[in-house]
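S.K.: Listed below are the residues making up each chain.
Protein chains: 2
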Amino acid sequence: MPKSSKPIAVVLISGGMDSAVCTALAQADGFEIAALHVNYGQRTQQRELAAFQAISDFYGIDLRLATDIGYLAAIGGSSLTDFSVSVSKANLSSREIPNSYVPFRNANILSIAVSWAEVLRASAIYIGAVEEDSSGYPDCRKIFFDAFERMVSVGVKPDTHISIRTPLINLTKADIVRLGSELGTPLHLTWSCYQSEDFACGECDSCVLRLRGFARAGISDTISYKSDVQRLNLPK
Amino acid sequence: MPKSSKPIAVVLISGGMDSAVCTALAQADGFEIAALHVNYGQRTQQRELAAFQAISDFYGIDLRLATDIGYLAAIGGSSLTDFSVSVSKANLSSREIPNSYVPFRNANILSIAVSWAEVLRASAIYIGAVEEDSSGYPDCRKIFFDAFERMVSVGVKPDTHISIRTPLINLTKADIVRLGSELGTPLHLTWSCYQSEDFACGECDSCVLRLRGFARAGISDTISYKSDVQRLNLPK
Numbered sequence: 277m278p279k280s281s282k283p284i285a286v287v288l289i290s291g292g293m294d295s296a297v298c299t300a301l302a303q304a305d306g307f308e309i310a311a312l313h314v315n316y317g318q319r320t321q322q323r324e325l326a327a328f329q330a331i332s333d334f335y336g337i338d339l340r341l342a343t344d345i346g347y348l349a350a351i352g353g354s355s356l357t358d359f360s361v362s363v364s365k366a367n368l369s370s371r372e373i374p375n376s377y378v379p380f381r382n383a384n385i386l387s388i389a390v391s392w393a394e395v396l397r398a399s400a401i402y403i404g405a406v407e408e409d410s411s412g413y414p415d416c417r418k419i420f421f422d423a424f425e426r427m428v429s430v431g432v433k434p435d436t437h438i439s440i441r442t443p444l445i446n447l448t449k450a451d452i453v454r455l456g457s458e459l460g461t462p463l464h465l466t467w468s469c470y471q472s473e474d475f476a477c478g479e480c481d482s483c484v485l486r487l488r489g490f491a492r493a494g495i496s497d498t499i500s501y502k503s504d505v506q507r508l509n510l511p512k
Numbered sequence: 277m278p279k280s281s282k283p284i285a286v287v288l289i290s291g292g293m294d295s296a297v298c299t300a301l302a303q304a305d306g307f308e309i310a311a312l313h314v315n316y317g318q319r320t321q322q323r324e325l326a327a328f329q330a331i332s333d334f335y336g337i338d339l340r341l342a343t344d345i346g347y348l349a350a351i352g353g354s355s356l357t358d359f360s361v362s363v364s365k366a367n368l369s370s371r372e373i374p375n376s377y378v379p380f381r382n383a384n385i386l387s388i389a390v391s392w393a394e395v396l397r398a399s400a401i402y403i404g405a406v407e408e409d410s411s412g413y414p415d416c417r418k419i420f421f422d423a424f425e426r427m428v429s430v431g432v433k434p435d436t437h438i439s440i441r442t443p444l445i446n447l448t449k450a451d452i453v454r455l456g457s458e459l460g461t462p463l464h465l466t467w468s469c470y471q472s473e474d475f476a477c478g479e480c481d482s483c484v485l486r487l488r489g490f491a492r493a494g495i496s497d498t499i500s501y502k503s504d505v506q507r508l509n510l511p512k
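From first to last, the protein sequence lines are chains A and B.
Numbered continuously in this note's numbering, the first sequence closes out at residue 512.
Numbered continuously in this note's numbering, the second sequence closes out at residue 512.
A few of these clues could be false.
Put simply, identical chains are the same to the list, so a pair is met inside one copy or across any two.
List of simulated lysine-lysine pairs, BS3-like, C-alpha gap at most 27 Å [unchecked claim]: (1) Lys502 - Lys418; (2) Lys433 - Lys365; (3) Lys502 - Lys282; (4) Lys365 - Lys502; (5) Lys365 - Lys282; (6) Lys433 - Lys418; (7) Lys433 - Lys502.
FYI, nobody ran anything at the bench for these hints, they're computed from the structure.
The following block holds chain A by itself, in its conformation from the complex (with noise of 0.2 Å):
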């Protein structure tokens, strides 16, 4: 149960530095943090764990919450959870959906964060989604958070109010690392590559979009790598 008279916000931390940074902006609009991680059965959910463990750390959160959403993996069609499919190397330039889309993933992880907030009487939901520098993932857009919004204010108890924040829907990566930079985000603790647990790939698009945005941004990425990627030539 909650320490302070402080309100509550549920903040959905994968172990990303989206997430971090996301963590980083709740706690300075004043909440109370119940830190929310789910496990889809992704090829890197050990260490995506480890992450949102070490940031909750980071920021001294006692409500904590880490769930498992096989299923996901059993639903397949996804690169994520189908380890008999690639991940795809990126391809930023491309407008088709790539094969990391998880079939309606951020549904599935919101509609958890409301049936926690509701017990706790959280008043909002931090995620910290993507828009404009995205994979194009359909369950990452304005459009789809505006939308689950409305349908959580009539699926729920009268005297229940949440709202769904999206800090970071209109932010580019480099944005990201920027003002995570500012805020002392632990941005070295957080974990975005799809495909390892031991040095980040480089290669997928989590990684480049995370290594973009650190080379945009001025800012040194230091997470480990394999060799050489820090010198490929990145998508400008």
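Start from chain A and add chain B according to the hints.
M.R.: Leaving out everything else, chain B in the frame of chain A:
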């Protein structure tokens, strides 16, 4: 994978009679059925899972997925998943939402259905929710399902089109018993009790709604109740 060229519908089969009647309706509508069951850590989950399998066997359904979202029990907030809270005896005249309400359960369940539907290229999801003659749960109302459908339309790939169908939403339990009887639905294979897995208690909201429905339809319920329940003085 589907065995026919029929369009596919994901049907949520909890094991209760509403979901069995929904299955009959989806079949009558010409769909190949993909049967989805969701355990959510409720008291009677083994009995409901058995009913799901029995109903699926009856309808010859090959596509079956039984998932587990035990995190709803960890989140708590309901007498169905928190075993330290007693399931209330029915009080159908109360305007309060009863303590059996599981926070935002239907959004969690429907999100799983949409993920599966997207992978199967299904065009519809059937859920046997009942608004008129239910316990007042906010996520059993038409307004919620309509908002959910709008959210789905902007949260999946552009070539995915999924309708959320609630064919029982305006029926009473008596209507459902009559309809099930007309359609040859195996109501004797279904389970409704919130409390017990061997003999239905006859006292919880769900049992009382079921018994009243059969009584008003003038049809006898052949599942096993604790002794004397069938002779109880049910609300008319």
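S.K.: For each hint, tell me whether it holds in the structure or not.
M.R.: Each hint tested on the structure:
{"no.": "1", "hint": "Lys502 - Lys418", "verdict": "neither (34 Å within a copy, 52 Å between copies)"}
{"no.": "2", "hint": "Lys433 - Lys365", "verdict": "between (45 Å within a copy, 21 Å between copies)"}
{"no.": "3", "hint": "Lys502 - Lys282", "verdict": "neither (43 Å within a copy, 48 Å between copies)"}
{"no.": "4", "hint": "Lys365 - Lys502", "verdict": "within (15 Å within a copy, 61 Å between copies)"}
{"no.": "5", "hint": "Lys365 - Lys282", "verdict": "neither (44 Å within a copy, 36 Å between copies)"}
{"no.": "6", "hint": "Lys433 - Lys418", "verdict": "both (25 Å within a copy, 15 Å between copies)"}
{"no.": "7", "hint": "Lys433 - Lys502", "verdict": "neither (49 Å within a copy, 33 Å between copies)"}
Comparing the model with each earlier hint shows violations of hints 1, 3, 5 and 7; every other hint is respected.
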